[in-house]
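From first to last, the protein sequence lines are chains A and B. According to the working numbering, numbering within the first sequence proceeds without interruption in unit steps and concludes at 113. According to the working numbering, numbering within the second sequence proceeds without interruption in unit steps and concludes at 231.
Since the hints were derived computationally from the structure, they do not count as laboratory data. All values derive from a computational prediction rather than experimental measurement. Take these hints with a grain of salt, some might be off.
Claimed, not checked - Listed below are the simulated PhoX-like cross-link pairs for lysine-lysine, each with C-alpha atoms no more than 25 Å apart in a straight line:
1. LYS86/A to LYS24/A
2. LYS199/B to LYS83/A
3. LYS139/B to LYS183/B
4. LYS180/B to LYS148/B
5. LYS139/B to LYS225/B
6. LYS83/A to LYS202/B
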Amino acid sequence: MTGMDDLIRALEEEQLRQWPEFKPGDIIRIYERVSEGARERLQPFEGVVLKLSGSGTRQMVTIRRIAAGVGVERTIPLHSPKLEKIEVIKRHRIRQARPYWLRRITRLHKIQ
Amino acid sequence: MALTLMGRKVGMTQWFDGEGRAVAATVLLVEPSVVVQVKRPERDGYGAVQLGWGTIRPKLLSKPLRGHFARAGVEPRRRLYEARVSDPDSYEVGQTLGVEVFSEGELVDVTGTSKGKGFTGTIKRWGFSYRPKSHGHKLIRRPGTAGPMGLRKVMKGKKMPGHAGAQTVTVRNLKVLKVDGERGLLVVQGSVPGPRKGIVKIRKHDA
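Using the sequences and the accompanying hints, generate a full structural model.
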């Protein structure tokens, strides 16, 4: 039997989410559903995209922001059903696929 | 005693369960099986369905088997297997059973033949401990002693090196994450014995 991997890929396709296009270096805001006991609320997380890793349903996005003077990086599964919305706040033209030099930048919104 | 269907392991992937968690999952291909014979307690002493799975050229089967299929009025199948059921009267000869018999959220047991490991030592086969790699040790993976001093024999069943794997293994209580009737695919949470393309039997778990 051939094409067994295609079967998995076709199945995974259904779990993929449709998001606006963004690239490393862009500033995005992700709204995540968080349940506190019985209540559910949306928790936004805004920051610069440091890297996109993985493929298919396993794709992860790493976002960095400065919270209370401390750099915080979150790595979030991009196709998680817990994500409500992704907004692209600002686009940047960045040459690197993994712009780690952004970690040395403190005023992220000011970068060209 | 629950319905069992034969299928193939397609491979493993990641799946988001109902609560948004990413869990390890195995995809199984369940091609429809056809009921070849229904066994009833009155006649056969127990209740079961005999199922046929796969395709085969009739010429490769013995004449008695060909006759068995002809009597049921179904195409010859590569594999014949039996599933004990408590309600044999709800099945009839010629009926096809596919992946639809499973539903999302229910628990299944999956039986397969585990990957063969060949002749292995006690560490891989029985989980014995290593000995220290340093401090003057030389025999790092040896099994140690075969028994207590003074006992003039080796106890029966002593765990020794030998052939490991390629055994029939059943993994119980796997949660069904997704049933894809169109493609005949079943996604279960967790791992399943055997290599990809390996034949597995999926049994509805006893309530």
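The hints, checked one at a time:
no. : hint                 : verdict
1   : LYS86/A to LYS24/A   : 16 Å, holds
2   : LYS199/B to LYS83/A  : 21 Å, holds
3   : LYS139/B to LYS183/B : 20 Å, holds
4   : LYS180/B to LYS148/B : 20 Å, holds
5   : LYS139/B to LYS225/B : 16 Å, holds
6   : LYS83/A to LYS202/B  : 18 Å, holds
Violated hints for the displayed structure: none, as all numbered hints are satisfied.
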